[in-house]
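Those protein sequence lines, which keep their order, are chains Y and H.
Just so we're aligned, residue 1 is where the first sequence starts under my numbering, counting upward by one.
Just so we're aligned, residue 1 is where the second sequence starts under my numbering, counting upward by one.
Just so you know, these hints were derived from the structure itself, not from any lab.
Straight-line C-alpha distance at most 16 Å; calculated EDC-like pairs for lysine to aspartate or glutamate:
no.: 1; chain 1: H; residue 1: K63; chain 2: Y; residue 2: D77
no.: 2; chain 1: Y; residue 1: K2; chain 2: H; residue 2: D26
no.: 3; chain 1: Y; residue 1: K335; chain 2: H; residue 2: D131
no.: 4; chain 1: Y; residue 1: K249; chain 2: Y; residue 2: E322
no.: 5; chain 1: Y; residue 1: K290; chain 2: Y; residue 2: E276
no.: 6; chain 1: Y; residue 1: K39; chain 2: H; residue 2: D33
no.: 7; chain 1: Y; residue 1: K335; chain 2: H; residue 2: E132
no.: 8; chain 1: H; residue 1: K24; chain 2: H; residue 2: D37
no.: 9; chain 1: Y; residue 1: K39; chain 2: H; residue 2: D26
no.: 10; chain 1: Y; residue 1: K273; chain 2: Y; residue 2: D173
no.: 11; chain 1: Y; residue 1: K39; chain 2: H; residue 2: D49
no.: 12; chain 1: Y; residue 1: K273; chain 2: Y; residue 2: E191
no.: 13; chain 1: H; residue 1: K63; chain 2: H; residue 2: E124
no.: 14; chain 1: Y; residue 1: K273; chain 2: Y; residue 2: D294
A short list of chain Y residues far from chain H (calculated; beta carbon distances all over 10 Å):
no.: 15; residue: D124
no.: 16; residue: P155
no.: 17; residue: L177
no.: 18; residue: M224
no.: 19; residue: L312
This structure is a prediction, so every number in the text was calculated from the model and none was measured.
Note that the Cβ used here is the ideal one computed from N, Cα and C, for glycine as well.
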Amino acid sequence: MKRFRYMKAVSVREAIGIFAAEPGAALMAGGTNLVDLMKYDVSTPTVVVDINGLPLHDITEQPDGGLRLGALVSNADVAYDPRITERYPLLSSAILAGASGQLRNMATVGGNLLQRTRCSYFYDVQVPCNKREPGSGCPAKTGLNRGHAILGASPLCIATHPSDMCVALSALDATILVEGPRGVRSIPFSEFHRLPGESPERDTTLEPGEIILAVDLPLLPPSMGYSYLKIRDRLSYAFALVSVAVLIKIDDRIIQQAHLSLGSVAHKAWRDKDAETLLVGAAPVRAVFKRIADRLLDSAIAQEQNGFKIELAHRATVRCLEQAAAGTPQSQANKRIC
Amino acid sequence: MILTQDSTQIEVTIHVNGTPHAVKTDPCVTLLDLLRDHLQLTGSKKGCDHGQCGACTVLLDGKRVNSCLVLAISREGSSVTTIEGLGSIANLHPLQSAFIRHDALQCGYCTPGQICSAIGLMLEGHAKSHDEIREGMSGNLCRCGAYIGIVEAIEDVMESESSREENR
Ligand SMILES: Cc1cc2nc3c(=O)[nH]c(=O)nc-3n(C[C@H](O)[C@H](O)[C@H](O)COP(=O)(O)OP(=O)(O)OC[C@H]3O[C@@H](n4cnc5c(N)ncnc54)[C@H](O)[C@@H]3O)c2cc1C
Ligand code: FES
Ligand code: FES
Numbered sequence: 001m002k003r004f005r006y007m008k009a010v011s012v013r014e015a016i017g018i019f020a021a022e023p024g025a026a027l028m029a030g031g032t033n034l035v036d037l038m039k040y041d042v043s044t045p046t047v048v049v050d051i052n053g054l055p056l057h058d059i060t061e062q063p064d065g066g067l068r069l070g071a072l073v074s075n076a077d078v079a080y081d082p083r084i085t086e087r088y089p090l091l092s093s094a095i096l097a098g099a100s101g102q103l104r105n106m107a108t109v110g111g112n113l114l115q116r117t118r119c120s121y122f123y124d125v126q127v128p129c130n131k132r133e134p135g136s137g138c139p140a141k142t143g144l145n146r147g148h149a150i151l152g153a154s155p156l157c158i159a160t161h162p163s164d165m166c167v168a169l170s171a172l173d174a175t176i177l178v179e180g181p182r183g184v185r186s187i188p189f190s191e192f193h194r195l196p197g198e199s200p201e202r203d204t205t206l207e208p209g210e211i212i213l214a215v216d217l218p219l220l221p222p223s224m225g226y227s228y229l230k231i232r233d234r235l236s237y238a239f240a241l242v243s244v245a246v247l248i249k250i251d252d253r254i255i256q257q258a259h260l261s262l263g264s265v266a267h268k269a270w271r272d273k274d275a276e277t278l279l280v281g282a283a284p285v286r287a288v289f290k291r292i293a294d295r296l297l298d299s300a301i302a303q304e305q306n307g308f309k310i311e312l313a314h315r316a317t318v319r320c321l322e323q324a325a326a327g328t329p330q331s332q333a334n335k336r337i338c
Numbered sequence: 001m002i003l004t005q006d007s008t009q010i011e012v013t014i015h016v017n018g019t020p021h022a023v024k025t026d027p028c029v030t031l032l033d034l035l036r037d038h039l040q041l042t043g044s045k046k047g048c049d050h051g052q053c054g055a056c057t058v059l060l061d062g063k064r065v066n067s068c069l070v071l072a073i074s075r076e077g078s079s080v081t082t083i084e085g086l087g088s089i090a091n092l093h094p095l096q097s098a099f100i101r102h103d104a105l106q107c108g109y110c111t112p113g114q115i116c117s118a119i120g121l122m123l124e125g126h127a128k129s130h131d132e133i134r135e136g137m138s139g140n141l142c143r144c145g146a147y148i149g150i151v152e153a154i155e156d157v158m159e160s161e162s163s164r165e166e167n168r
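Given the sequences, and given the hints that come with them, work out the whole structure.
As structure tokens, this is what we get:
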């Protein structure tokens, strides 16, 4: 690990000031991703700004009936908060599908959003990586790419965003509240993470010096079905190969509304709102679910080793829609997929 | 704002198993290294140093965490419980005895982390069923594969604690 200075920020303004003024500064929340990347010298901050002293630790009711999650609330505290388990069980389920009990106690809302890809070439400073070292190349394209993107990749980068929480936030149409040198703004979830395009080094649309204050969850219509289905190489404590988050509202056997997001298939949680409209007005049956899965994946492109992920994502989409429609969401304790 | 200069040692006070320790350390020292190398408390193990195995699990202000991913300097004034603080040979912690009874270890390398994690799991209070305990303990790998005994030991202690509650 490279040597660094350590600072503990006591106010949001102060944290933004240091973060904007020091090009080598990194913010530290739970530290579970930052400290790990520093150990591999992938992240080499000159100053670590500890933001745990900032007043961003609360979950609060919003005037519109939604909830605001402070950026420093731990993943465990979000997942087990009764307001979340009752009103946003999809979010609770997705968080509990990720990492481990220990890590969820440490990890925060803001840190989870900004965790970096798990691409093994990104983690290895001995080899090129366009995300780590812009312009150096992408060994994943011709190397180990079994877990990599099947949607939205660019010739420069085929990395995926690894978060589970973000797949649920995407389906929930959350917004991210940020503050920077130029003030406070809200970013719709779909515009927060970006596709790699020409600049894979940028994961998000955050401007320099901006920090995350909170994530806002909108009020949902009552009694929406949901499920979070995560497929991985072992049943727990592993990143997803493919995951699916579904929210669905069905009245009189007709789908009124459906939100569907795919995880670990692209550089961001993958949502196609046009495709979702295909479901509205249809019956919640397998043939309909297959049609939307076809549509979601018709632009999928396989790398040498990850062609199986296209079929896997297709089947997981259909199964997750069935689980949500039947009111039998995937259990994150008993891993049997019914 | 607290600011350290490049690679200066700064003092951090952490209460470990009830005793305050003031240690001069570099900002890059993790809680795990502070425990093992500065305080010679080598019960907490370094399996991977990257949050991937759970061998370094300790209770930090009552919550289980991977101490290999915590910068010690960021935890001024906090309280840490390690395996050394749980029981003694003469007076084992109920989970320690249960691990022995249920043959929940072979080499023992993962055991301090397993036991600290199990205490954290029980304090959290969310895991009730066998499946939930298994899932809740998934952050602790055991290369010897003692998982069956580990889950049985935890169930055993949970049951005896809940029957004690009922008799109260
Ligand atoms: C072994 C292992 C397994 C894991 N498995 C999973 C899994 O299955 N699913 C999953 O989703 N995740 C998994 N994770 C990742 C984990 O969820 C993230 O590491 C965690 O959410 C990061 O949160 P943190 O608070 O610790 O972030 P930190 O490490 O503190 O920060 C991460 C990044 O976010 C920035 N940051 C943090 N807070 C803010 C803020 N408020 N404003 C601006 N920038 C900020 C930091 O500067 C840093 O760049 C795993 C991690 C490990 C180590
Ligand atoms: S040593 Fe900390 S998790 Fe492996
Ligand atoms: S007892 Fe050997 S690793 Fe668990």
